[in-house]
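Visitor: Sequence:
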Amino acid sequence: MRMEGKLSTPLPRDFYARDPRIVSRELLGKVLVRREGKKLLSGRIVEVEAYLGLNDPAAHSAAGRTLRNAVLFGPAGHSYVYFIYGNHYCFNVSCLPDGEAGGVLFRALEPLLGIKEMARARGIFLDGTPSNTRDLRQLTSGPGRLAEAFGITRLRDNAKDLTRADSDLFITDDSYPSPRVRKTVRIGITKAAKRPLRFLIAGNEFISRA
Numbered sequence: 000m001r002m003e004g005k006l007s008t009p010l011p012r013d014f015y016a017r018d019p020r021i022v023s024r025e026l027l028g029k030v031l032v033r034r035e036g037k038k039l040l041s042g043r044i045v046e047v048e049a050y051l052g053l054n055d056p057a058a059h060s061a062a063g064r065t066l067r068n069a070v071l072f073g074p075a076g077h078s079y080v081y082f083i084y085g086n087h088y089c090f091n092v093s094c095l096p097d098g099e100a101g102g103v104l105f106r107a108l109e110p111l112l113g114i115k116e117m118a119r120a121r122g123i124f125l126d127g128t129p130s131n132t133r134d135l136r137q138l139t140s141g142p143g144r145l146a147e148a149f150g151i152t153r154l155r156d157n158a159k160d161l162t163r164a165d166s167d168l169f170i171t172d173d174s175y176p177s178p179r180v181r182k183t184v185r186i187g188i189t190k191a192a193k194r195p196l197r198f199l200i201a202g203n204e205f206i207s208r209a
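Numbering-wise, numbering that gives the first Met the number 0 puts 28 at position 29 of the sequence shown, and it's gapless, one number per residue.
FYI, nobody ran anything at the bench for these hints, they're computed from the structure. Since this is a predicted model, take the numbers as computed values, not measurements. Be aware that one or more of the hints could be misleading.
Said to hold, decoys possible - Dumping the calculated DSS-like pairs for lysine-lysine here, alpha-carbon to alpha-carbon at most 30 Å:
| id | residue 1 | residue 2 |
| --- | --- | --- |
| 1 | K37 | K115 |
| 2 | K159 | K182 |
| 3 | K115 | K159 |
| 4 | K29 | K182 |
Take the sequences, apply the hints, and build the full model.
Guide: Dropping the structure here:
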């Protein structure tokens, strides 16, 4: 079976309507898919971070519900996209039942389909397709890189329902074997930085370095 045939059914809402720590662990090995016309971009999720809402100082929802962070308060399974450092977007998904704040940040993917399109979106490898892991890491290893590679922006994707069958952005299960999960402290933050809420596929070459 061609891989494209396995990437058609979004994960259901009840998958996301749980503790972000559980969702984070179970997202590893799943596949993020972007429909670009007749083409598909896809990448295996290899690194994420959980954010726990009102009781998590590092979470955008810690100060309460605002117009900017409303997506994090539900319903589950919607994309939350924000702009950071004045130069890149970060992609998250809302978790927990409607009214409870929580989410998962996507930190790294292993590219699967649409590599040339990802490279074009990133403005690299214009003379051909990258052929080794070192090159491929530049596409989707890091939250800003993966968002750019998949064309994820706040205007286009914030509050998008990732569970809808007609969505152009969603996450699916292609029956990848359950990976060995490693848990570490979150990185790139200062508040609540010592909490072990970063989840990654142990030994995967595409996890971010910072």
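Visitor: Does each hint fit the structure? Answer for all of them.
Guide: Do the hints match the structure? See the list:
{"no.": "1", "hint": "K37 <-> K115", "result": "holds, 15 Å"}
{"no.": "2", "hint": "K159 <-> K182", "result": "holds, 28 Å"}
{"no.": "3", "hint": "K115 <-> K159", "result": "holds, 25 Å"}
{"no.": "4", "hint": "K29 <-> K182", "result": "holds, 17 Å"}
In this structure, none of the earlier numbered hints is contradicted; all agree with it.
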